[in-house]
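A.B. asks: Quick mapping for you: the protein sequence lines, in order, are chains A and E. The letter at position 125 of the first sequence is residue 124 when you use numbering that gives the first Met the number 0, and the numbering goes up by one with no holes. The letter at position 315 of the second sequence is residue 314 when you use numbering that gives the first Met the number 0, and the numbering goes up by one with no holes.
Hints were generated in silico from the structure; no laboratory data involved. Quantities reported herein were computed from a predicted structural model and do not represent experimental measurements. Worth double-checking, as some hints may not be accurate.
If you want the ones that stay clear, here's a sample from chain A, every Cβ over 12 Å from chain E, calculated [said to hold, decoys possible]:
#, residue
1, R2
2, F24
3, D63
4, T68
5, K134
6, M180
7, E194
8, M210
9, P237
Coverage of chain A stretches by chain E, computed from C-beta distances (three or more under 8 Å per stretch; other residues unrestricted) [stated by the list, open to error]:
#, region
10, 75-88
11, 95-105
If you want the ones that stay clear, here's a sample from chain A, every Cβ over 10 Å from chain E, calculated [to be verified]:
#, residue
12, E30
13, G39
14, E186
15, A242
16, L244
Glycine included, every Cβ here is placed at the ideal spot set by N, Cα and C.
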Amino acid sequence: MSRVLEVTNLRKRFGGIAAVDGVSFHVDEGEILGIIGPNGCGKSTTFNCILGQLTPTEGEVRLDGRNVTGMRPSELNRLGVSRTFQLLQVFPQLSVRENLILAGQEHKGTMLSRLFGPPDAGLGATADQMIGFFKLGPLADAPAGGLSYGQQKLLDAAMAFMAGPRLVLLDEPAGGVNLTMLADLKERLRAINREQGATFVVIEHNMEFVMSLCTRVVVMAEGKILAEGSPAKVRSDPAVIEAYLGH
Amino acid sequence: MTRAQRLFAIAFGAAVIAALVFAPLSLNRYGLYILSLWSVMSIAAIGLNLTLGYAGQVSLAQGAFVGIGAYAAAIVTTNGLPLGLGIVVAIALCFVVGWLLGYPALRVQHHYLAFVTLAFSTLAFLVFRNEEWLTKGIYGISDIPRPNLFGLSTTKPLPFYYLCLFALGTVTLAFWRLVRSPWGRAFMALRENPVRALSLGVDTRRYTLMAFAIGSALGGLSGALYAPLVEFVDPTPFTLSLSLNLLMMVIVGGSGFFFGPYLGAMIAVLLPEWLRFTQGYYLIIYAVLVMALLIYSPTGILGILDRALRDRNAKAASALRAAAKASLPEEAAR
Numbered sequence: 000m001s002r003v004l005e006v007t008n009l010r011k012r013f014g015g016i017a018a019v020d021g022v023s024f025h026v027d028e029g030e031i032l033g034i035i036g037p038n039g040c041g042k043s044t045t046f047n048c049i050l051g052q053l054t055p056t057e058g059e060v061r062l063d064g065r066n067v068t069g070m071r072p073s074e075l076n077r078l079g080v081s082r083t084f085q086l087l088q089v090f091p092q093l094s095v096r097e098n099l100i101l102a103g104q105e106h107k108g109t110m111l112s113r114l115f116g117p118p119d120a121g122l123g124a125t126a127d128q129m130i131g132f133f134k135l136g137p138l139a140d141a142p143a144g145g146l147s148y149g150q151q152k153l154l155d156a157a158m159a160f161m162a163g164p165r166l167v168l169l170d171e172p173a174g175g176v177n178l179t180m181l182a183d184l185k186e187r188l189r190a191i192n193r194e195q196g197a198t199f200v201v202i203e204h205n206m207e208f209v210m211s212l213c214t215r216v217v218v219m220a221e222g223k224i225l226a227e228g229s230p231a232k233v234r235s236d237p238a239v240i241e242a243y244l245g246h
Numbered sequence: 000m001t002r003a004q005r006l007f008a009i010a011f012g013a014a015v016i017a018a019l020v021f022a023p024l025s026l027n028r029y030g031l032y033i034l035s036l037w038s039v040m041s042i043a044a045i046g047l048n049l050t051l052g053y054a055g056q057v058s059l060a061q062g063a064f065v066g067i068g069a070y071a072a073a074i075v076t077t078n079g080l081p082l083g084l085g086i087v088v089a090i091a092l093c094f095v096v097g098w099l100l101g102y103p104a105l106r107v108q109h110h111y112l113a114f115v116t117l118a119f120s121t122l123a124f125l126v127f128r129n130e131e132w133l134t135k136g137i138y139g140i141s142d143i144p145r146p147n148l149f150g151l152s153t154t155k156p157l158p159f160y161y162l163c164l165f166a167l168g169t170v171t172l173a174f175w176r177l178v179r180s181p182w183g184r185a186f187m188a189l190r191e192n193p194v195r196a197l198s199l200g201v202d203t204r205r206y207t208l209m210a211f212a213i214g215s216a217l218g219g220l221s222g223a224l225y226a227p228l229v230e231f232v233d234p235t236p237f238t239l240s241l242s243l244n245l246l247m248m249v250i251v252g253g254s255g256f257f258f259g260p261y262l263g264a265m266i267a268v269l270l271p272e273w274l275r276f277t278q279g280y281y282l283i284i285y286a287v288l289v290m291a292l293l294i295y296s297p298t299g300i301l302g303i304l305d306r307a308l309r310d311r312n313a314k315a316a317s318a319l320r321a322a323a324k325a326s327l328p329e330e331a332a333r
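Isolated chain A (complex conformation) (with noise of 0.2 Å):
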């Protein structure tokens, strides 16, 4: 198994505080990360630095063996990283269908072709499979603002998978979805590592979604990593209970 993303004592401070204090982890292909932890243990501010959002003050990010500190979010997103937001992060303006195409179309061929080519950039068929399979379908040409916040968070997840993705980052993809869709995003978010080979860091509160849907777990505390292990090992740590999970 090739490891997909290796990250090597990462470090983040603002002033005097060190959000991330030296984490290191990595992710093998096909695998489903979770990251867990209390809130402000420097879960998001991991992801930003990860993804360019934020240039690490130290460390080092691998990108299938390739050195990516600091890289241009935009650039990483075309070597095929994704990602989602914890805090809702669609174009209200733009229909739901636009915005699938606009998530995949910086993928497809050149600015000259985006500017001459098909107002689609060949992605309808794509955008519209990707409706269907977020089961989004009668919204399809409704503006994105208009949507519920559980049917955002769908829209959200369905964008990061657009390009056809080799590694998704979401950041608390079922904060405030409700229980019914939580199952179908979990169901969804398992097929496509099952049949893309997609790989999958998550970040999320929701424990029994993690624990049901990761294979391996990270927890971070205080900007650094607690533990690390399979979701029972982690669960029965006696340091994170301590921490994090509670008696």
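Given the structure of chain A, go ahead and fit chain E onto it with the hints provided.
C.D. replies: Frame of chain A; chain E shown alone:
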């Protein structure tokens, strides 16, 4: 849009085009000048609508690009070269300068960006006024010739109006294509959420610069037609007030709406004529009308239409849902 609405839109569009082509046949010289001015200003406003309305980048420099285009065309044509070349020079020059003006937008946004572009506008005006070797300073460039097209002279107002209308039509088709292409989608993504756009692989830097460059190039085209329209170019029309006027056209018409600039330019060019009978009060009435409009509908005139249409369609959709529910009692009972 429903089928009936689409049919109505097509019929309405055909009527407008017919009116623009045939109505001028009965207009006098001044009426033709006003209509030509509307076409020319519409082109500049369409450019600003791309930068501001679609891509969300504030610019107070569109008037300066009209000026650059006007001077470029004036200098080229008074040296005995054809207007076609003047138009190419104007577009190319404004594209490059607009691209460069886009760089500050990569660092600052909103009112800070407005200030940067405002400074550029002032700078351009100073160049027009002071670089006498090029622009003839405050005396301006006179006797700008109108072109001959396929052996037909456009010196008379009517043929020149058709030239302006043809330019506007070409810009309209190209712009329609542009905003529907992936580029248009990327521009809107830039406006709505640049951080998310970046995470989807959208090179926000390149698209921001492109939005400025293309918008400015349309300003240049507008200027290159303005020069032979008035046949005289001096610095005064290209002060900051033209930039503000173009900004107002875009916002009053409906920023980010395809047809907003046409409507905005119509109001900015024609309303002063309609209000002429009020004599000195015209500016006051104009200002009050604009303020009232923006309080009632901050998204401009087309914003009102858009809201009404959306309400209607939402009502129709909910009626359909209710009917579907009523016909499926077991579904409703669940």
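A.B. asks: Looking back at the hints listed earlier, which ones does the structure fail to meet?
C.D. replies: When the structure is compared with the hints, none of them turns out to be violated.
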